[in-house]
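Taken in sequence, the protein lines are chains A and B.
Using the numbering used here, the first residue of the first sequence is number 308, and each one after it goes up by one.
Using the numbering used here, the first residue of the second sequence is number 308, and each one after it goes up by one.
There could be a bad hint or two in this list.
Any copy will do: because identical chains look the same in the list, a pair fits if it lies in one copy or spans two.
[Unchecked claim] Taking lysine-lysine pairs in the DSSO-like style, the calculated list, with each CA pair at most 30 angstroms apart, reads:
| hint | residue 1 | residue 2 |
| --- | --- | --- |
| 1 | 813 | 415 |
| 2 | 413 | 770 |
| 3 | 599 | 374 |
| 4 | 834 | 770 |
| 5 | 682 | 770 |
| 6 | 571 | 530 |
Worth flagging that the hints you see were computed from the coordinates, not collected in a lab.
Protein chains: 2
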Amino acid sequence: MTSTDNELRVIPIGGLGEIGKNMMAIEYGDSILVIDCGIMFPDRNMLGIDLVLPDTGYLIERRDAVKGIVITHGHEDHIGALPYVLPDLNVPVYGTALSMGLASVKMKDSRGATDANFNTIEPGNEFSVGPFDVTLFRVNHSIPDAAGVIVRTPVGTIVHTGDFKIDHTSVDGRTTDFHRLAEVGDEGVLLLLADSTYAETPGYTPSEVVVGKALNRLIGEAKGRVIVASFASLISRVQQVVNAAILHDRRIGVVGRSMVDNVKLASGMGYLEIPEGMLLQPNELGNNPPEKTVIMTTGAQGEPTSALVRMANSDHPQVKIENGDTVIISSNPIPGNEAEISRTIDNLFMLGADVLYSRIEEVHVRGHASQEELKLMLRLTRPEFFVPIHGDYRHLVHHARLAASVGVDEENVFVMMDGDVLELSEQDAGLVGNIGVQNTYVDGLRIGDVDNVVLRDRARLSKDGVIVVIVPVDQESGGIVGELDLVSRGFIDSEEGDELLARAAKVVARAFERSPGRADTGYIHSKVRESLGQFIYQETRRRPMILPMAVEL
Amino acid sequence: MTSTDNELRVIPIGGLGEIGKNMMAIEYGDSILVIDCGIMFPDRNMLGIDLVLPDTGYLIERRDAVKGIVITHGHEDHIGALPYVLPDLNVPVYGTALSMGLASVKMKDSRGATDANFNTIEPGNEFSVGPFDVTLFRVNHSIPDAAGVIVRTPVGTIVHTGDFKIDHTSVDGRTTDFHRLAEVGDEGVLLLLADSTYAETPGYTPSEVVVGKALNRLIGEAKGRVIVASFASLISRVQQVVNAAILHDRRIGVVGRSMVDNVKLASGMGYLEIPEGMLLQPNELGNNPPEKTVIMTTGAQGEPTSALVRMANSDHPQVKIENGDTVIISSNPIPGNEAEISRTIDNLFMLGADVLYSRIEEVHVRGHASQEELKLMLRLTRPEFFVPIHGDYRHLVHHARLAASVGVDEENVFVMMDGDVLELSEQDAGLVGNIGVQNTYVDGLRIGDVDNVVLRDRARLSKDGVIVVIVPVDQESGGIVGELDLVSRGFIDSEEGDELLARAAKVVARAFERSPGRADTGYIHSKVRESLGQFIYQETRRRPMILPMAVEL
Numbered sequence: 308m309t310s311t312d313n314e315l316r317v318i319p320i321g322g323l324g325e326i327g328k329n330m331m332a333i334e335y336g337d338s339i340l341v342i343d344c345g346i347m348f349p350d351r352n353m354l355g356i357d358l359v360l361p362d363t364g365y366l367i368e369r370r371d372a373v374k375g376i377v378i379t380h381g382h383e384d385h386i387g388a389l390p391y392v393l394p395d396l397n398v399p400v401y402g403t404a405l406s407m408g409l410a411s412v413k414m415k416d417s418r419g420a421t422d423a424n425f426n427t428i429e430p431g432n433e434f435s436v437g438p439f440d441v442t443l444f445r446v447n448h449s450i451p452d453a454a455g456v457i458v459r460t461p462v463g464t465i466v467h468t469g470d471f472k473i474d475h476t477s478v479d480g481r482t483t484d485f486h487r488l489a490e491v492g493d494e495g496v497l498l499l500l501a502d503s504t505y506a507e508t509p510g511y512t513p514s515e516v517v518v519g520k521a522l523n524r525l526i527g528e529a530k531g532r533v534i535v536a537s538f539a540s541l542i543s544r545v546q547q548v549v550n551a552a553i554l555h556d557r558r559i560g561v562v563g564r565s566m567v568d569n570v571k572l573a574s575g576m577g578y579l580e581i582p583e584g585m586l587l588q589p590n591e592l593g594n595n596p597p598e599k600t601v602i603m604t605t606g607a608q609g610e611p612t613s614a615l616v617r618m619a620n621s622d623h624p625q626v627k628i629e630n631g632d633t634v635i636i637s638s639n640p641i642p643g644n645e646a647e648i649s650r651t652i653d654n655l656f657m658l659g660a661d662v663l664y665s666r667i668e669e670v671h672v673r674g675h676a677s678q679e680e681l682k683l684m685l686r687l688t689r690p691e692f693f694v695p696i697h698g699d700y701r702h703l704v705h706h707a708r709l710a711a712s713v714g715v716d717e718e719n720v721f722v723m724m725d726g727d728v729l730e731l732s733e734q735d736a737g738l739v740g741n742i743g744v745q746n747t748y749v750d751g752l753r754i755g756d757v758d759n760v761v762l763r764d765r766a767r768l769s770k771d772g773v774i775v776v777i778v779p780v781d782q783e784s785g786g787i788v789g790e791l792d793l794v795s796r797g798f799i800d801s802e803e804g805d806e807l808l809a810r811a812a813k814v815v816a817r818a819f820e821r822s823p824g825r826a827d828t829g830y831i832h833s834k835v836r837e838s839l840g841q842f843i844y845q846e847t848r849r850r851p852m853i854l855p856m857a858v859e860l
Numbered sequence: 308m309t310s311t312d313n314e315l316r317v318i319p320i321g322g323l324g325e326i327g328k329n330m331m332a333i334e335y336g337d338s339i340l341v342i343d344c345g346i347m348f349p350d351r352n353m354l355g356i357d358l359v360l361p362d363t364g365y366l367i368e369r370r371d372a373v374k375g376i377v378i379t380h381g382h383e384d385h386i387g388a389l390p391y392v393l394p395d396l397n398v399p400v401y402g403t404a405l406s407m408g409l410a411s412v413k414m415k416d417s418r419g420a421t422d423a424n425f426n427t428i429e430p431g432n433e434f435s436v437g438p439f440d441v442t443l444f445r446v447n448h449s450i451p452d453a454a455g456v457i458v459r460t461p462v463g464t465i466v467h468t469g470d471f472k473i474d475h476t477s478v479d480g481r482t483t484d485f486h487r488l489a490e491v492g493d494e495g496v497l498l499l500l501a502d503s504t505y506a507e508t509p510g511y512t513p514s515e516v517v518v519g520k521a522l523n524r525l526i527g528e529a530k531g532r533v534i535v536a537s538f539a540s541l542i543s544r545v546q547q548v549v550n551a552a553i554l555h556d557r558r559i560g561v562v563g564r565s566m567v568d569n570v571k572l573a574s575g576m577g578y579l580e581i582p583e584g585m586l587l588q589p590n591e592l593g594n595n596p597p598e599k600t601v602i603m604t605t606g607a608q609g610e611p612t613s614a615l616v617r618m619a620n621s622d623h624p625q626v627k628i629e630n631g632d633t634v635i636i637s638s639n640p641i642p643g644n645e646a647e648i649s650r651t652i653d654n655l656f657m658l659g660a661d662v663l664y665s666r667i668e669e670v671h672v673r674g675h676a677s678q679e680e681l682k683l684m685l686r687l688t689r690p691e692f693f694v695p696i697h698g699d700y701r702h703l704v705h706h707a708r709l710a711a712s713v714g715v716d717e718e719n720v721f722v723m724m725d726g727d728v729l730e731l732s733e734q735d736a737g738l739v740g741n742i743g744v745q746n747t748y749v750d751g752l753r754i755g756d757v758d759n760v761v762l763r764d765r766a767r768l769s770k771d772g773v774i775v776v777i778v779p780v781d782q783e784s785g786g787i788v789g790e791l792d793l794v795s796r797g798f799i800d801s802e803e804g805d806e807l808l809a810r811a812a813k814v815v816a817r818a819f820e821r822s823p824g825r826a827d828t829g830y831i832h833s834k835v836r837e838s839l840g841q842f843i844y845q846e847t848r849r850r851p852m853i854l855p856m857a858v859e860l
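Extracted from the complex, chain A is given alone in its bound form (with noise of 0.2 angstroms):
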């Protein structure tokens, strides 16, 4: 697959099955735009893992080709690879000015240099990344300043939605950018890209507005003290927040350390505004009355470290829940996240607190388009060729499905899979190959020194845990000397186990009885584990890892 001039390339990189989430590819002639430059966060699978990286090894590849990043929205699965990826590929970063402000924060936070080239664009003005013309829209996300893209190549224009809605009764005030996608609608787009989350769900997503209301009654009714949870970007639920407390005369607290990061930032850049006087300092939380505070924190998600669980487990320095307290999660659970947030949930009951969550109030809406809007994205751009992204794959084929039906001719629709490269010309597109994309695992400092067989290896020490089997060997036999010393951890309790290893320690002994006198290290160690897995087995069912260990006396 090299690039010849007249062709137009699109590839979805990486998104950890959410096809094209964290980074898609744009390639024309030997120009790539880049869009997004995200991370995703470890399914349960990747054991130990922190981060999961899309796979740059195209772009860094074609190192020169690259010409720019425009970033959606500030969101980590849009913006969080960029510290990993601006060292190795240094090009202008584009984006909405909320954007570029938590872009800044992140390099900021992260080790290593922080010259990046932040390019801040009001949407609707357009500006040249190579040979493309890219205008940013305006769309309805749950964070503020969120943007597709309008790209106008050689070959055609394509619009990249990003994640999006339509709240006509948003926060800010702010809709997404019916007038401009109608007008480019107008003009021919050959390919739109379109967030497909909410793919399967029919309907409209609920207005912003709703939950408001919701906070607003709930907060009024509430005795003693609110505490809400939420997401840290979700600025428009704290100024929601904000107003309910204004409302009824209570002063708000922010806990937990992104979302004060976050509130910082975004009344700084005016997307947040908070009375005067309003806030509570740290030292005033504990003294403020409870009937008179609002506490804002993050948590939703039942995140280990985040301070509503700590809060939850009695472990937080500055808030104990109460009898009386008033507990509003206000998120719904993200796929695999159900366990840790109904454990949560049960230990604020068990502290005397009332909680209050999706399931029982509308205290969220979520921040993607259900299949009414989809269509009318589908029915204002009016597109050639149509490719559903962002989503898993049965959200993809729902959307797919959702095209068909509002007219774009099935053969246009283009399911893809991250690393599929879809070429297109004026007339036509297909799919013509796939570039190889594996995930990138950041542990701890390192990035990309753990693969699948440290991972298996993981998964197996995690069910059955490990036994080390020391075998002293003499250096001038070549034979077993003295006793084996075995050693387990992860396998069996104490007690039991002594038992059994010396069991085992017996029944390996034996097996090398019946062997030649010299043997080679391979062959000692091999001898060790077909011998000590067998038996282990037999007793126990289980297979811990076995790892013989050869010693020269």
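Dock chain B against the given chain A, drawing on the hints supplied.
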């Protein structure tokens, strides 16, 4: 807590967070009646654990007092511990015909004696267990022949609902026995113990009829083969699939061990009616025309070794998913299983199947009562005292509020935890202590030899792996002689690991240069842990388990 003759005690013993789900004890004088004997499946922090058993220590200490076990229904979390408990507590077991049938199969499947004393009881027929007069009453639940328990004690009558809902149009035509409940309510109920699983859900649980209609329509609309996955014990669902298959002139194949076993048992006992010649034999599965085939199978929760998951992974010996297949997942995700189910659905879509599930079609109804049904139960029985059982803590709190809303005195409602002891007289009740219960883990063949230390070690191993350090010690001088040998697993890939571990060996060796010549093993081990741990954390921010092994040369 020693029982005196005129006191009644109720103790929820186990349920892994779902209070009293697996086992309850009712104690009067020196007699104990046990209700249910089930297992729980481990949560994701219980690494490598297969099953969790209720803590029967209290019962075994009072072995002679235990007069019998009453089973409410045949689900694993109510009968699954019988093979583990009966060898220690050889008492009669009572339950409805299907419950006893399933319990017998459980005993046969396990090793050990099968001479259990199982007694089939017709609902409505009173029988005696020590000083207790016991009557089962029918309830609707997601398995046929489910029952609640009325226990008449010298102090008063206890009603235990078991898991229940109310289905006026159930598949087998049987409904929760209102008449019996009204009667006992008229006589006077001292204590109601009632299922709280869906106490946070308003309204009524829909009837199984709703699912039948959806299955009928979807099987009718399908062009090719239809595969329905559900719970093997949900016999009414199997019956509805059979009925829909009849209506659309399809034959039915049964795939998956537990589904095959339960279909056989339920057909034999008359709980399931499959017309002669309708069942596909295993060798016919591949030949029957797709449009004439329905396959009923397991794996609706994404269980890794289940038939559906193997089909989704193209790894099932008999069923290969093809373009044109329709897969119906006839269940709701049990909290914690969402990610596995999503992955299964995605994989099925990728293989070309159309997949229908509860989020997009009404292909499942839950097995537990919602708020209106719970209120009806409270109103029918009119208990003096009330204890919500079977549910996470938040469900118990919601159920307690419901009870107060229908007139149960708030002071007479007790939200209990496993191990709590409720003591009742004719006029009074109160919590008097906790017997102290803890989970017993089954891992492979062995019971109770995995304790919290082992689980902590597995957690650490799963996160950052292990480094084994062989330290050669001179037998005479007690000093370190020769090179240290470091081996890691699950910590870092081999390429980068070799370099890092070589540097680490030098760091550890250097630590010993500054130490006294003669050192005991404890000193050597702690020195290795300290110097190596510090170096590794500094380089990687990881904390692998460090296993120093001093070897005398």
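The hints, checked one at a time:
1. Taking identical chains as interchangeable, the C-alpha atoms of residue 813 and residue 415 are never at most 30 angstroms apart, the minima being 59 angstroms within one chain and 34 angstroms between chains.
2. When the C-alpha separation of residue 413 and residue 770 is checked against a cutoff of 30 angstroms, the pair qualifies only between copies, where the shortest distance is 25 angstroms, while the shortest distance within a copy is 36 angstroms.
3. In this homomeric assembly, residue 599 and residue 374 never come within 30 angstroms of each other (Cα to Cα): the closest approach is 53 angstroms inside a single copy and 57 angstroms across copies.
4. Proximity of residue 834 to residue 770 under the C-alpha cut-off of 30 angstroms is found in both arrangements, the shortest distances being 23 angstroms within a copy and 29 angstroms between copies.
5. Proximity of residue 682 to residue 770 under the C-alpha cut-off of 30 angstroms is found in neither arrangement, the shortest distances being 47 angstroms within a copy and 44 angstroms between copies.
6. With identical chains, the CA atoms of residue 571 and residue 530 are at most 30 angstroms apart within one copy only, with a shortest distance of 29 angstroms there and 58 angstroms across copies.
When the structure is compared with the earlier hints, violations turn up for hints 1, 3 and 5 and for no others.
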